[in-house]
Amino acid sequence: MSVDEKTVRRIAHLARIAVTDEEVGPLGAELNDILAFVEQLGTVDVSGVEPMTSVLPMAMKKREDAVTEGGRAIDVVANAPETEDHYFLVPKVVE
Amino acid sequence: MNAPVDPKKLIKGGLHDWEVVIGMEIHAQVTSRAKLFSGASTSFGGEPNDHVSLVDAAMPGMLPVINQECVAQAVRTGLGLKAQINLRSVFDRKNYFYPDLPQGYQISQYKDPIVGEGEVLVDMLDGTSFTVGIERLHLEQDAGKSLHDQDPTRSYVDLNRSGVALMEIVSRPDLRSSDEAKAYVTKLRTILRYLGTCDGDMEKGSLRADVNVSVRRPGEPLGTRCEIKNVNSIRFIGQSIETEARRQIAILEDGGTIDQETRLFDPGKGETRSMRSKEEAHDYRYFPDPDLLPLEFDQAFVDSLAEGLPELPDAKKARFVRDYGLSTYDAGVLVAERASADYYEAVAKGRDGKAAANWVINELFGRLNKEGLGIEQTPVSADQLGAIVDLIGEGVISGKIAKDLFEIVWSEGGDPRAVVESRGMKQVTDTGAIEAAVDEIIAKNPDKVAQAKEKPTLLGWFVGQTMKATGGKANPAAVNALLKAKLGIE
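Sequence lines, in order, name chains A and B. Start counting the first sequence at 1; every next residue gets the next number (this note's numbering). Start counting the second sequence at 1; every next residue gets the next number (this note's numbering).
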């Protein structure tokens with residue numbers, strides 16, 4: 001599996017990362033190196049092995065249905081570049 | 001999928017008849033106190049960003065912890081949809097960028113949802129019913145809310161809804177008309193409300209639909225579909241389907257092709273339009289959320305939830321037909337809301353089921369509709385209405401007087417029996433009193449008496465006069481019998 005320039009630009013756009021024309025080539029090479037590294041896993045025979053998403057041999061922790069948080073709008077918006085009346089303000093987005 | 005095509009459901013185009021094929025994704029807000037992965041409140045409204053934890057705001061280092069009640073609610077819903085419950089499911093990240101999605105991804109379920117295939121029995125107004133297949137139900141987070149009308153250059157973002165649990169319920173493309181689609185959503189909403197897993201309040205956005213619409217000539221393979229996003233009322237669901245189907249038919253009959261795309265329904269203009277901005281966003285790059293372990297529970301957990309399920313509308317309807325002798329139509333009306341069904345049963349208990357149904361449906365529901373009230377706000381309690389039904393059954397008041405009594409109880413309250421006593425509304429069954437009235441009328445109208453012998457329909461006039469003379473309180477059966485005897489009418 002290898003990525004071409006078009007794929008690099010697409011991935012960058014999906015991740016909202018600005019990539020210059022000069023960067024596309026080297027980035028593609030880096031991604032291909034990473035993919036080649038990961039490809040080594042393909043040599044392991046995993047037939048009959050169930051895919052796993054976690055290595056932790058434990059059940060997921062669950063919470064009670066109780067309101068224990070909230071009421072701290074000031075903290076929530078504290079780091080926002082722009083706020084008003086505890087709303088986040090962002091450049092206008094309209095459908 | 002390939003059931004025989006009902007010609008009545010086809011849409012007439014300029015050239016051909018067309019069949020519309022509809023599938024739906026319903027987003028139902030889970031009824032819970034706290035959010036899916038945080039301890040912030042789910043209550044509607046609130047000051048901006050007040051119901052927000054640092055998890056919901058996606059602050060670095062915060063980890064989601066699942067609310068077990070949301071899991072239970074999803075399982076209950078799956079059981080109510082007669083669906084397969086998956087003892088192991090997985091949460092995935094659905095990646096996209098939007099200001100009201102602070103994580104940059106929605107935690108959802110992709111390949112392994114908590115609930116698999118099920119079905120919903122849908123009832124149509126004409127008494128027919130059909131089954132809609134459910135493909136899956138999965139749990140996911142709601143996004144925040146953006147306000148675009150506060151400022152010319154800024155959107156305002158409130159994360160109060162961010163992280164609230166939603167159930168996405170995906171149907172198979174089993175619907176063939178806007179009426180079927182509306183009936184399906186109505187029924188699904190009823191089931192959710194019975195289960196108590198979603199309040200179904202469409203005005204508050206607790207239930208929204210994404211509607212997939214395509215058209216085809218009958219017998220042909222499925223056409224290309226368009227998805228109409230976020231339709232928030234049952235009426236708009238119907239309108240958007242009609243509008244979209246006609247748009248597609250016009251394109252196809254003109255020799256064009258349909259582009260698969262996401263569209264928005266504009267109720268004001270009565271049209272659907274393309275949401276171009278969403279087109280390229282369809283590459284969501286799902287992958288299992290590394291912050292969350294697989295969701296696992298045992299069959300005993302499912303069984304305990306199954307035991308606690310209430311009687312669902314289909315079962316209740318069948319029982320009403322069987323035990324109270326109701327028509328399927330009346331039973332259907334009564335079970336549409338659990339509160340209505342409970343009210344009816346309180347009235348019907350120990351009484352004539354049909355009479356109780358008539359009073360609940362015709363008088364009470366009629367009056368509530370007129371005043372724009374729900375069953376919860378009825379000024380006439382089930383006990384009061386039951387007493388009115390009893391008074392008719394016992395022959396104490398006539399059906400006509402009962403309507404007056406209902407009005408008095410509606411506006412003034414009180415014990416119906418006491419009202420009947422204190423206002424002298426009792427039916428006169430004392431034949432002596434009725435006979436006196438009848439005799440007087442006969443004595444005053446010799447010409448009519450003579451005519452009545454030739455023309456028995458005049459009996460109605462005599463009945464009317466007698467009722468008038470007795471203030472409407474004479475027992476109609478007794479009046480009829482007396483008059484027939486005295487006038488010599490068979």
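Among the clues, some could well be false.
One-sided excerpt, in silico: chain A residues whose CB lies under 8 Å from chain B [unchecked claim]:
(1) R9
(2) F37
(3) G42
(4) L89
(5) V94
Straight-line C-alpha distance at most 27 Å; calculated BS3-like pairs for lysine-lysine [unchecked claim]:
(6) A:K92 <-> B:K229
(7) B:K349 <-> B:K403
(8) B:K269 <-> A:K92
(9) B:K229 <-> A:K62
(10) B:K400 <-> A:K61
(11) B:K453 <-> B:K484
(12) B:K400 <-> B:K468
(13) B:K448 <-> B:K354
(14) B:K448 <-> B:K468
(15) B:K448 <-> B:K473
(16) A:K92 <-> B:K486
(17) A:K92 <-> B:K145
(18) A:K61 <-> B:K349
(19) B:K94 <-> A:K62
(20) A:K6 <-> B:K94
(21) B:K94 <-> A:K92
(22) B:K473 <-> B:K486
In short, the hints are calculated from the structure, not lab data. These numbers come from a predicted model, not from an experiment. Don't be surprised by glycine CBs; every beta carbon is placed ideally from N, CA and C.
Outcome of the hint check:
Because the beta carbon of R9 (chain A) sits about 12 Å from the nearest beta carbon in chain B, more than 8 Å, this interface hint is broken. A least Cβ separation of about 18 Å between F37 (chain A) and chain B goes past the 8 Å threshold, and the interface hint is therefore violated. Annotation: interface hint on G42 (chain A) violated; nearest CB of chain B at approximately 18 Å, more than 8 Å. With a cut of 8 Å, the hint placing L89 (chain A) at the interface with chain B holds, because the nearest CB-to-CB distance is about 5 Å.
Because the smallest distance between the Cβ of V94 (chain A) and any Cβ of chain B comes to about 5 Å, under 8 Å, the interface hint for this residue holds. In summary, the hint linking K92 (chain A) to K229 (chain B) is supported, as the alpha carbons are separated by about 21 Å, within the 27 Å threshold. Restraint check: the Cα-Cα separation between K349 (chain B) and K403 (chain B) comes to about 21 Å, which is no more than 27 Å; the hinted pair holds. Between K269 (chain B) and K92 (chain A) the CA atoms are separated by roughly 24 Å; this keeps the pair inside 27 Å, and the hint holds.
Of the pairs offered as hints, the one joining K229 (chain B) and K62 (chain A) is violated, with about 32 Å between alpha carbons and a cut-off of 27 Å exceeded. In summary, the hint linking K400 (chain B) to K61 (chain A) is not supported, as the alpha carbons are separated by about 64 Å, beyond the 27 Å threshold. The suggested pairing of K453 (chain B) with K484 (chain B) holds, with an alpha-carbon distance near 10 Å, which does not exceed 27 Å. Proximity of K400 (chain B) to K468 (chain B) is assessed by CA-CA distance (about 13 Å); at most 27 Å being required, the pair is judged to hold.
The straight-line distance between the Cα atoms of K448 (chain B) and K354 (chain B) is roughly 39 Å, outside the 27 Å bound, and the hint therefore fails. Taking the CA atoms of K448 (chain B) and K468 (chain B), the gap is near 17 Å; set against the 27 Å cutoff, the hint holds. Taking the CA atoms of K448 (chain B) and K473 (chain B), the gap is about 23 Å. The hint holds against a cut of 27 Å. Note on K92 (chain A) and K486 (chain B): the hinted pairing is violated, with a Cα-Cα distance of about 87 Å set against a maximum of 27 Å.
For the hint linking K92 (chain A) to K145 (chain B), the alpha-carbon distance of about 13 Å falls within 27 Å, and the restraint holds. Using a Cα cut-off of 27 Å, the hinted pair K61 (chain A) and K349 (chain B) is violated, with the two alpha carbons roughly 47 Å apart. About 22 Å separates the Cα atoms of K94 (chain B) and K62 (chain A), which keeps this hinted pair within 27 Å; it holds. With a CA separation close to 23 Å, the supplied pair K6 (chain A) and K94 (chain B) stays within the 27 Å bound.
For the given pair, K94 (chain B) sits about 23 Å from K92 (chain A) by alpha-carbon distance, which is consistent with the 27 Å threshold. In summary, the hint linking K473 (chain B) to K486 (chain B) is supported, as the alpha carbons are separated by about 20 Å, within the 27 Å threshold.
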